[in-house]
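Q: Please arrange chain B on chain A, whose structure you already have, making use of the hints.
Residue numbers (the working numbering), protein chains in the order written: chain A, 186 to 591; chain B, 186 to 591.
Keep in mind that the hints were calculated from the coordinates and are not lab data.
No false leads were slipped in.
It does not matter which identical chain is used: a pair holds within one copy or between any two.
No more than 30 Å apart at the CA atoms, straight line, and that leaves these computed lysine-lysine pairs for DSSO-like:
(1) Lys421 / Lys292
(2) Lys222 / Lys519
(3) Lys425 / Lys222
This is what each chain is made of:
There are 2 protein chains.
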Amino acid sequence: MSPLTTHLRVPGPTPLPDRVREAGSWQMVNHRGPEFKALLERVTQGLKRAFRTENDLVILTASGTGGLEAAVVNHLSPGDPVLSTSIGAFGDRFGAIATRYGADVTKVEVEWGRAADPADVEAALGRMIEAGRAPRAVLLTHNETSTGVTNPIQALAETARRAAPDALLIVDGISGLGAVPFEADAWGLDVVVTGSQKSWMVPPGLAMVSVSGRAWQAAERATMPRFYFDLASHQKAMVKGETPWTPAVGVCFALDVALELLEAEGYERIFARHAAVGAATRAGIKALGFELFADPPVASNTVTAARVPPDMDWAAFNRALRGRGLVLAGGQGKLTGQIFRVGHLGAVSVNEILAALEILEETAIEFGRPQERGRALVAAVSAADSAATSDKENTVEATAPVGSAA
Amino acid sequence: MSPLTTHLRVPGPTPLPDRVREAGSWQMVNHRGPEFKALLERVTQGLKRAFRTENDLVILTASGTGGLEAAVVNHLSPGDPVLSTSIGAFGDRFGAIATRYGADVTKVEVEWGRAADPADVEAALGRMIEAGRAPRAVLLTHNETSTGVTNPIQALAETARRAAPDALLIVDGISGLGAVPFEADAWGLDVVVTGSQKSWMVPPGLAMVSVSGRAWQAAERATMPRFYFDLASHQKAMVKGETPWTPAVGVCFALDVALELLEAEGYERIFARHAAVGAATRAGIKALGFELFADPPVASNTVTAARVPPDMDWAAFNRALRGRGLVLAGGQGKLTGQIFRVGHLGAVSVNEILAALEILEETAIEFGRPQERGRALVAAVSAADSAATSDKENTVEATAPVGSAA
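Isolated chain A (complex conformation) (with noise of 0.2 Å):
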């Protein structure tokens, strides 16, 4: 029997709230006249808004990974040594494409479930430069959606324009931008990607990338062949309100609504309520006895990973969850079978986080891991609470104008 709600809790495809739904629905619409125009125009101007970015930004019909090729092929040539500073299963696939397309990668290894530390990428550029491989381009992730870590991408970014100022600063923003605190121009990320079904709640289909001018100038120079995926073509056909190729339109529709619903609510309240729904979540895991995956400082606000037992067999408890409804997320990679993910970005709120818990802990119950029934949510909902006193503070700050905090 099915259950009557599903609660998809992955880190995207997320949740859609109805008037994105509906927009799904909408016919379709001729991608080269001027109904198209106007929305391509009205949704590159919101996204710009949520990245903070006064660079070019255009739109691909593409999931993020597509976006990620984009941001490495159109910026560089084979041969150009790249930094990339992989700290889970979406690093290790960035630095895979830039060595597919023939970068001379050099990788900051760095233990799954915690960040990047600065100065080991200040290290490993310093070595690079020594070596006369100066490189290119320094490959982030944001917010990594296999471990469910937050990098300090300001930090990061900050070490990496000093210790290589030539070097571009290429951003995975996919799982993190639109639900916590990002600045684009701020923190001089010179291209962010981004993609339609994290924090947009807007279903797959479209990649975002933002172009700095500096990485348009390396563009030019770049060799590495690129022609569904030229950001050139792209930014051409986007100052006459089109796309190069015919774009996911129905996607299209379902962005313009989102954007106009994230906007209402403001990101100030939005990174607030992310910041509740992640606290929640770690507290309701913790106290159903998992263990958090992720280095306390450092987890993310938008994905929660939690260890599987050893005792525990992950698929049988994974059959049963979803026989009540809610649908989580395995391990990647080489995290397969090790951990489970709760996705929390996007259209969620503190009610969902105890929904799913409730089901986590009547769940856990059945499989025999005795629980005093309701602890989960009263960790979960007082966590939400304090969480969204401290984030207030916290949220200031991060936006604030750039210099005035570390």
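A: Quick look at chain B alone, frame taken from chain A:
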């Protein structure tokens, strides 16, 4: 004032049937869960039936152009000799992708508005082989959207197979497949690409690519770089009921419903319907005094191009059409301002064509081109009636077992 009804008559995106639109509003699911796995398997099987292939078939989140790029970069290496048979803007694009990735492209030039001649392809292949540049692939366009011409793909493929047996046949089937007879296996086509927003009655966002055994063999040796469009990664995920990167889930929902509608109607009837709307469109436009662009015997049954009369201000005329709710496409590339195009593929019957013709007629009269009111409609219905009859025979012939007809 906006018209109450919009008639979207561009050659993609095509109008969505109501049930397909509803699918666009469904809530997201986990793209690595059992519901999506079942959907992906269903959709893949349905597409294989439509392609008439037993080859592997993968679904990419991209526009058709992304599919064309995948078809090139997976099977070729830089320096590989390739014959590109272009009969319009999309054929040019196909060749440009191969060139961009370093293929050594020889082009068979065909006057726009005409189909490719098998004899020209044979001669070009002969010259390449003589010059020691035996082609690794022949790029063919099934239906050229920019000119409204359908190539005799069966004859072209037969010729290419005979003249250059080792060359892969890579076919852009984007705007014809699913609307006019097509036989991927019987015609020996190695790689075939289509796009969701054409005959499939689905929003844009997906490209579907079939890959033959010998194309997979070529892929193992092919060194053009690819990551997002790596078809082997897609096939590896596909056997687990997944995609390697997050797919456009909402567009997949729509495709699932659309394939059900298409199979309920039956491809024989669908081909007859497109033959009827094609004939109706051409007859009606001619009756209105416009000159058809395509060579009559190879005029497409999915898109019709007509010349803009020299004394007509196309921009003003198009604005007036839009004011009455008729959305047409202009010319592309060197045909910009020279032609207009009427899309008639996907969810379209003769009645929709009559509506378009009625608006064209009314607007033409307003622009001082006197017409006997209703004449285009009479011409259209009568052409549709004859086409439906004669096409029945053609269709049966075209889908008869291999070898039973030339």
